[in-house]
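Student: Chain residues, written in single-letter form:
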Amino acid sequence: MKNKQTKWGIFRWPFLLSVTSLTGLISGLTGTGVLDVVSWVTLGGLIIVITLSAFLFST
Amino acid sequence: MKNRSLYIWNGIHKWTSLICTLFLFVLCITGLPLIFREEIEQFFYIPPFEEVATEASAPTVDEIIASAKAERLNDVVQFVFLEEEFPIISVAMAATEATPFEEGHIQPFDSRTGEMITPLPTNKGFLFWMEEAHIRFFMGFPGTLFLGVMGILFLVSIVSGVVVYAPFMRNLRFATVRKTHNPRIKWLDLHNMTGIVTATWLFVVGATGVLNTLDIPIAGLWQATELKEMVAEFEGAPLAVNLSSIDNAIAKAKEISPGMRPYSIAFPGNNFSSPQHYGIYMVGNTGLTKHLIKPVLIEAETGEFTATRDVPVLVKALFLSRPLHFGDYAGLPLKLIWALLDIVAILVLGSGVYLWLKRRKLNINKSDLFRNNSHEKQTN
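In order, the protein sequence lines correspond to chains X and H.
FYI, the numbering used here numbers position 8 of the first sequence as 8, with every residue one higher than the one before it.
FYI, the numbering used here numbers position 366 of the second sequence as 425, with every residue one higher than the one before it.
Simulated from the structure, these hints should not be mistaken for laboratory data.
Glycine included, every Cβ here is placed at the ideal spot set by N, Cα and C.
It cannot be assumed that every hint is accurate.
Distance windows between CB atoms, simulated [as the list claims (entries may be wrong)]:
#, chain 1, residue 1, chain 2, residue 2, range
1, X, PHE55, H, HIS164, 51 to 61 Å
2, X, LEU22, H, TYR66, 30 to 40 Å
3, X, TRP13, H, ILE211, 24 to 34 Å
DSSO-like, lysine-lysine: derived pairs with alpha carbons at most 30 Å apart [to be verified]:
#, chain 1, residue 1, chain 2, residue 2
4, X, LYS4, H, LYS245
5, H, LYS73, X, LYS7
6, X, LYS7, H, LYS61
7, X, LYS4, H, LYS417
8, X, LYS7, H, LYS238
9, H, LYS128, H, LYS183
10, X, LYS7, H, LYS245
11, H, LYS61, X, LYS4
12, X, LYS4, H, LYS73
13, X, LYS4, H, LYS238
14, H, LYS417, X, LYS7
15, H, LYS353, H, LYS287
One chain only, chain X, in its complex shape (with noise of 0.2 Å):
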């Protein structure tokens, strides 16, 4: 990557993520069953992405 990225270059993914990271927080504290999903698949994903970035998308 040659040109510097701009704020919202550099923040949009970790935005993202923070954003997923409140919803699976909280859903699986304000019920259950599929909520409680939603709080496997958007923590978990967090696990995923560390794991894709540290052993395959390395540049």
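For chain X, the structure is supplied; the task is to place chain H on it using the hints.
Tutor: Quick look at chain H alone, frame taken from chain X:
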């Protein structure tokens, strides 16, 4: 960002992290088994429950309390706890009404048969030591407050970490971990990536942890204001002597708060009731209401209803901060994810310490840090 303000944020991130890191390591490691507290208790401590043909012959709560009293003739009942996950009713007894709870004895019973169950080990055992370290840092309440201060530093370190993240990433794609033989660059990338991905989770677990450290003062404040108001007309009344049926008091509380079940009962004369009252603490059955406890005060001698009210926002926040801190609110899958995120947090801390230890060389090669690995040959 201007260099000067970046310099300040960097300093904030460095120092807040350095001060709290050692304690955060302890918290992350001791917190790991506490996520699975229920499973550990069930596996090691609670005997398997025998199948009971019919629950029609289940004893009343009054009968269970009578058995507990028969075992400890000189003690008084302080609390009764009614488990939801297991068919267990526990009776907490102590020498007097005012004896500190920790100095009492808790006797669990099988709620279907009324048989006594061997009590969980108190003041010893694996879970006790994990809690000692994680909640009190071996120093009682001052230890709890100390961990709260460390938690606040951790929160500042997360926020400052997000601020100083930006300049590192100007020339890098999100979540890049450069393939390089330079371990400092690799660990810097890993620190940035794991830190930013888990930032929100870390912040929520950190903030709810800080709130949990204040549970004793928050409970004290509630007792001194709300609870006192609820029983104001009984101020100065003597301790109730002829206690009425606890089963009737429970039935009354259920009638007052439909759809809720009793979670714990405070007996007359302790901090969670009044000298004249049973404090019946009710919880809902679904979602949020499962975590939000609501007090119902029943006159202990007459069985008459006195008062009930929702707890204030601060107390509600405390109730919700417990599950949000330990991750035990959406089944075993969430607990496993919580444990993995906890391990990632250890990685964030460890990589941060590593980068600090190697800081001098980092400064020398600063220009390389902001480039991608096309310059790697020059750095090696």
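Student: Going straight from one Cα to the other, do LYS353(H) and LYS287(H) come out at no more than 30 Å?
Tutor: holds (15 Å)
Student: Please work out if LYS4(X) and LYS417(H) have their alpha carbons no farther apart than 30 Å.
Tutor: Holds, at roughly 27 Å.
Student: Are LYS417(H) and LYS7(X) close enough, with their CA atoms no more than 30 Å apart?
Tutor: holds (28 Å)
Student: In this structure, is the beta-carbon distance linking PHE55(X) and HIS164(H) contained in 51 to 61 Å?
Tutor: With Cβ atoms ~52 Å apart, the hint holds.
Student: Is the Cα-Cα distance between LYS7(X) and LYS61(H) 30 Å or less?
Tutor: Given pair LYS7(X), LYS61(H) holds - Cα atoms ~14 Å apart, limit 30 Å.
Student: Does the alpha-carbon distance linking LYS7(X) and LYS245(H) stay inside the 30 Å limit?
Tutor: holds (23 Å)
Student: Sort out whether LYS73(H) lies within 30 Å of LYS4(X), counting only the CA atoms.
Tutor: Holds: LYS4(X) and LYS73(H) sit about 25 Å apart, inside 30 Å.
Student: If I claimed the Cβ atoms of TRP13(X) and ILE211(H) lie 24 to 34 Å apart, would that claim hold in this structure?
Tutor: At roughly 28 Å between Cβ atoms, ILE211(H) and TRP13(X) fall inside 24 to 34 Å, so the hint holds.
Student: Does the structure keep LYS4(X) and LYS245(H) at a Cα separation of 30 Å or less?
Tutor: holds (21 Å)
Student: With the threshold set at 30 Å, check whether the alpha-carbon distance from LYS128(H) to LYS183(H) stays at or below it.
Tutor: With a Cα-Cα distance of about 25 Å, the restraint between LYS128(H) and LYS183(H) holds, given a limit of 30 Å.
Student: If you check the beta carbons of LEU22(X) and TYR66(H), does the distance land in 30 to 40 Å?
Tutor: holds (31 Å)
Student: Holds or violated: LYS4(X) and LYS238(H), Cα atoms, limit 30 Å.
Tutor: holds (21 Å)
Taken one by one, the earlier hints all hold for this structure without exception.
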